[in-house]
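If you want the building blocks of each chain, they are given just below.
Number of protein chains: 2
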Amino acid sequence: MTKKVFKGSVMLNPVPVVLITSKNKENKTNVFTVAWTGTACTKPPIISVAIRPERLSYEYIKESMEFVVNLPSKDLVRQVDFCGVRSGRQMDKLKELGLTLDDASIVNAPIIKQCPVALECKVTNIIPLGSHDLFLAEVVAIQVEDRLMDASGKIHLENADLISYSHGEYFPLDNKALGKFGFSVMKKIKKGKPVK
Amino acid sequence: MTKKVFKGSVMLNPVPVVLITSKNKENKTNVFTVAWTGTACTKPPIISVAIRPERLSYEYIKESMEFVVNLPSKDLVRQVDFCGVRSGRQMDKLKELGLTLDDASIVNAPIIKQCPVALECKVTNIIPLGSHDLFLAEVVAIQVEDRLMDASGKIHLENADLISYSHGEYFPLDNKALGKFGFSVMKKIKKGKPVK
Numbered sequence: 001m002t003k004k005v006f007k008g009s010v011m012l013n014p015v016p017v018v019l020i021t022s023k024n025k026e027n028k029t030n031v032f033t034v035a036w037t038g039t040a041c042t043k044p045p046i047i048s049v050a051i052r053p054e055r056l057s058y059e060y061i062k063e064s065m066e067f068v069v070n071l072p073s074k075d076l077v078r079q080v081d082f083c084g085v086r087s088g089r090q091m092d093k094l095k096e097l098g099l100t101l102d103d104a105s106i107v108n109a110p111i112i113k114q115c116p117v118a119l120e121c122k123v124t125n126i127i128p129l130g131s132h133d134l135f136l137a138e139v140v141a142i143q144v145e146d147r148l149m150d151a152s153g154k155i156h157l158e159n160a161d162l163i164s165y166s167h168g169e170y171f172p173l174d175n176k177a178l179g180k181f182g183f184s185v186m187k188k189i190k191k192g193k194p195v196k
Numbered sequence: 197m198t199k200k201v202f203k204g205s206v207m208l209n210p211v212p213v214v215l216i217t218s219k220n221k222e223n224k225t226n227v228f229t230v231a232w233t234g235t236a237c238t239k240p241p242i243i244s245v246a247i248r249p250e251r252l253s254y255e256y257i258k259e260s261m262e263f264v265v266n267l268p269s270k271d272l273v274r275q276v277d278f279c280g281v282r283s284g285r286q287m288d289k290l291k292e293l294g295l296t297l298d299d300a301s302i303v304n305a306p307i308i309k310q311c312p313v314a315l316e317c318k319v320t321n322i323i324p325l326g327s328h329d330l331f332l333a334e335v336v337a338i339q340v341e342d343r344l345m346d347a348s349g350k351i352h353l354e355n356a357d358l359i360s361y362s363h364g365e366y367f368p369l370d371n372k373a374l375g376k377f378g379f380s381v382m383k384k385i386k387k388g389k390p391v392k
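Going down the list, the sequences are from chains Y and C. Here the first sequence stands for residues 1 to 196, where the numbers follow the working numbering. Here the second sequence stands for residues 197 to 392, where the numbers follow the working numbering.
So here's chain Y without its partners, still in its complex pose (with noise of 0.2 Å):
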């Protein structure tokens, strides 16, 4: 395979596309969307998240230090890309989208409803870049919805049709998953019997 070469972009795909919510010191609710978030640790949990300095959710964000990640699903594709292109500074978007809203557990910024998983965070650095400053912020909970959970109480967020960002398109999730996390070291097992 032969390739070409270019100058450094953000080439980095598929990345998560998410809606966060956050609310400033007046109480005033915004909703914007990010694609540039990704897992900064696991224990414990942190994620990071890029925001411009222009946005206003990046003022709401800095006054209280606090927001929610919601992971939208693909019905709401359409409200995603909504809240990422419109500003908090023209319109109320959660009004506009008939996005509704529910307390979040530990943190003041609220949940959409609509969205069956909340990452309730809490700022703990901030590191300006360039174009973005990035957040790093503690998951302080989650919050799932009822229907994605089994008997068992297990979690299936293959049932939940959240969606990637892609070189400026949006993608849902193949139905079907290639493998599970170690599937390429487990030994086969065929009528209850390890193939060797």
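Calculated from the structure, these hints are not laboratory results. Ideal placement from N, C-alpha and C gives every residue a C-beta, glycine not left out. One thing to keep in mind: the hints can contain errors.
Think about it this way: if two alpha-carbon atoms lie no more than 25 Å apart in a straight line, the pair counts; the simulated SDA-like pairs of lysine to any residue are [said to hold, decoys possible]:
no.: 1; chain 1: C; residue 1: 239; chain 2: Y; residue 2: 86
no.: 2; chain 1: C; residue 1: 376; chain 2: Y; residue 2: 187
no.: 3; chain 1: Y; residue 1: 3; chain 2: C; residue 2: 351
no.: 4; chain 1: Y; residue 1: 7; chain 2: C; residue 2: 200
no.: 5; chain 1: C; residue 1: 200; chain 2: Y; residue 2: 103
no.: 6; chain 1: Y; residue 1: 74; chain 2: C; residue 2: 239
no.: 7; chain 1: Y; residue 1: 25; chain 2: Y; residue 2: 54
no.: 8; chain 1: C; residue 1: 376; chain 2: Y; residue 2: 62
no.: 9; chain 1: Y; residue 1: 7; chain 2: C; residue 2: 376
no.: 10; chain 1: Y; residue 1: 95; chain 2: C; residue 2: 376
no.: 11; chain 1: Y; residue 1: 62; chain 2: C; residue 2: 239
no.: 12; chain 1: Y; residue 1: 43; chain 2: C; residue 2: 202
no.: 13; chain 1: C; residue 1: 309; chain 2: Y; residue 2: 103
no.: 14; chain 1: C; residue 1: 203; chain 2: Y; residue 2: 54
no.: 15; chain 1: Y; residue 1: 7; chain 2: C; residue 2: 202
no.: 16; chain 1: Y; residue 1: 176; chain 2: Y; residue 2: 187
Here are a few chain C residues that sit away from chain Y, every Cβ distance over 12 Å (derived from the structure) [stated by the list, open to error]:
no.: 17; residue: 203
no.: 18; residue: 222
no.: 19; residue: 252
no.: 20; residue: 255
no.: 21; residue: 261
no.: 22; residue: 285
no.: 23; residue: 290
no.: 24; residue: 304
no.: 25; residue: 352
Since the structure of chain Y is provided, determine the placement of chain C on it from the hints.
Just chain C, lined up with the frame of chain Y:
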């Protein structure tokens, strides 16, 4: 929708899953799999990569302060999984899996030929967070496979068959995008005329 509250955990999904190559000061190469990565800044282009200090690649990258992020296609999912569960301390994973290398254009770490996209990275900052250290690295060059570009030079990453990691499973993206960035506010064009 009713939700159940859990304690905080790394519930951000779906995330990228990439193969990272690095060289130590004795010119030994290692490869390992990372799902805890994200875009951290656009200008300059910076990504974050969370690495456990116990990892062999942690040593290599701390020594060289360089690495390459190789984006794998779905036909490489077995190799991706293997490089996440096996250590370079026990074996030469690249040789074991038949992955072949090419020189990068700027950094000393090599690129994996079989991966359609490579991001050449130089570490700018290392932030200890707990179980993982967060490496921030500038993307100094990217390499994209020729077959992903059309005659005008546009990159069609949707043909790269990239994969996502979600809640312990690897998933291909669906073939069909849900929409392009900005689609929710674009005027619909029908037979050359905007639809009101």
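These are the hints, each one checked on the structure:
Taken as a hint, the residue 239 of chain C and residue 86 of chain Y pair is honoured in the structure, with Cα atoms around 21 Å apart against an allowance of 25 Å. The hinted pair formed by residue 376 of chain C and residue 187 of chain Y fails the criterion: a straight-line CA distance of about 42 Å is larger than 25 Å. In summary, the hint linking residue 3 of chain Y to residue 351 of chain C is supported, as the alpha carbons are separated by about 12 Å, within the 25 Å threshold. Simply put, residue 7 of chain Y and residue 200 of chain C have alpha-carbon atoms about 46 Å apart, too far for the 25 Å limit, and the pair is violated.
With a C-alpha separation of about 13 Å, the suggested pairing of residue 200 of chain C with residue 103 of chain Y holds against the 25 Å cut-off. With a C-alpha separation of about 29 Å, the suggested pairing of residue 74 of chain Y with residue 239 of chain C is violated against the 25 Å cut-off. Taking the CA atoms of residue 25 of chain Y and residue 54 of chain Y, the gap is near 18 Å; set against the 25 Å cutoff, the hint holds. For a cut-off of 25 Å, the pair hint linking residue 376 of chain C to residue 62 of chain Y is broken: about 30 Å separates their Cα positions.
At most 25 Å may separate the alpha-carbon atoms for a hinted pair to count; residue 7 of chain Y and residue 376 of chain C meet this at roughly 24 Å. For the hint pairing residue 95 of chain Y with residue 376 of chain C, the CA-to-CA distance comes to about 23 Å; that is within 25 Å, so the pair holds. Pair hint residue 62 of chain Y plus residue 239 of chain C holds up; C-alpha atoms about 21 Å apart against a cutoff of 25 Å. A distance of roughly 15 Å separates the Cα atoms of residue 43 of chain Y and residue 202 of chain C; the hinted pair therefore holds under the 25 Å criterion.
A distance of roughly 49 Å separates the Cα atoms of residue 309 of chain C and residue 103 of chain Y; the hinted pair therefore is violated under the 25 Å criterion. A distance of roughly 32 Å separates the Cα atoms of residue 203 of chain C and residue 54 of chain Y; the hinted pair therefore is violated under the 25 Å criterion. Among the hinted pairs, residue 7 of chain Y with residue 202 of chain C is inconsistent with the structure: their alpha-carbon atoms are about 43 Å apart, more than 25 Å. Using a Cα cut-off of 25 Å, the hinted pair residue 176 of chain Y and residue 187 of chain Y holds, with the two alpha carbons roughly 21 Å apart.
For residue 203 of chain C, the condition that its CB be more than 12 Å from all CB atoms of chain Y is violated, with the nearest at approximately 6 Å. Residue placement check: residue 222 of chain C keeps its beta carbon more than 12 Å from all beta carbons of chain Y (closest about 27 Å). Residue 252 of chain C, annotated as away from the interface, keeps every beta carbon of chain Y farther than 12 Å; the closest lies near 17 Å. Remark: the non-interface label on residue 255 of chain C is consistent with the geometry, its nearest Cβ contact in chain Y lying 19 Å away (cut-off 12 Å).
Every C-beta of chain Y lies more than 12 Å from that of residue 261 of chain C, the closest at about 16 Å, which supports listing it as non-interface. Interface exclusion of residue 285 of chain C from chain Y stands, the closest Cβ pair being 16 Å apart, more than 12 Å. Every CB of chain Y is more than 12 Å from the CB of residue 290 of chain C (nearest about 15 Å), matching its label as outside the interface. No beta-carbon of chain Y is positioned within 12 Å of the beta-carbon of residue 304 of chain C; the least distance is around 15 Å.
Against chain Y, the non-interface label of residue 352 of chain C is violated: not every CB pair exceeds 12 Å, the least being about 8 Å.
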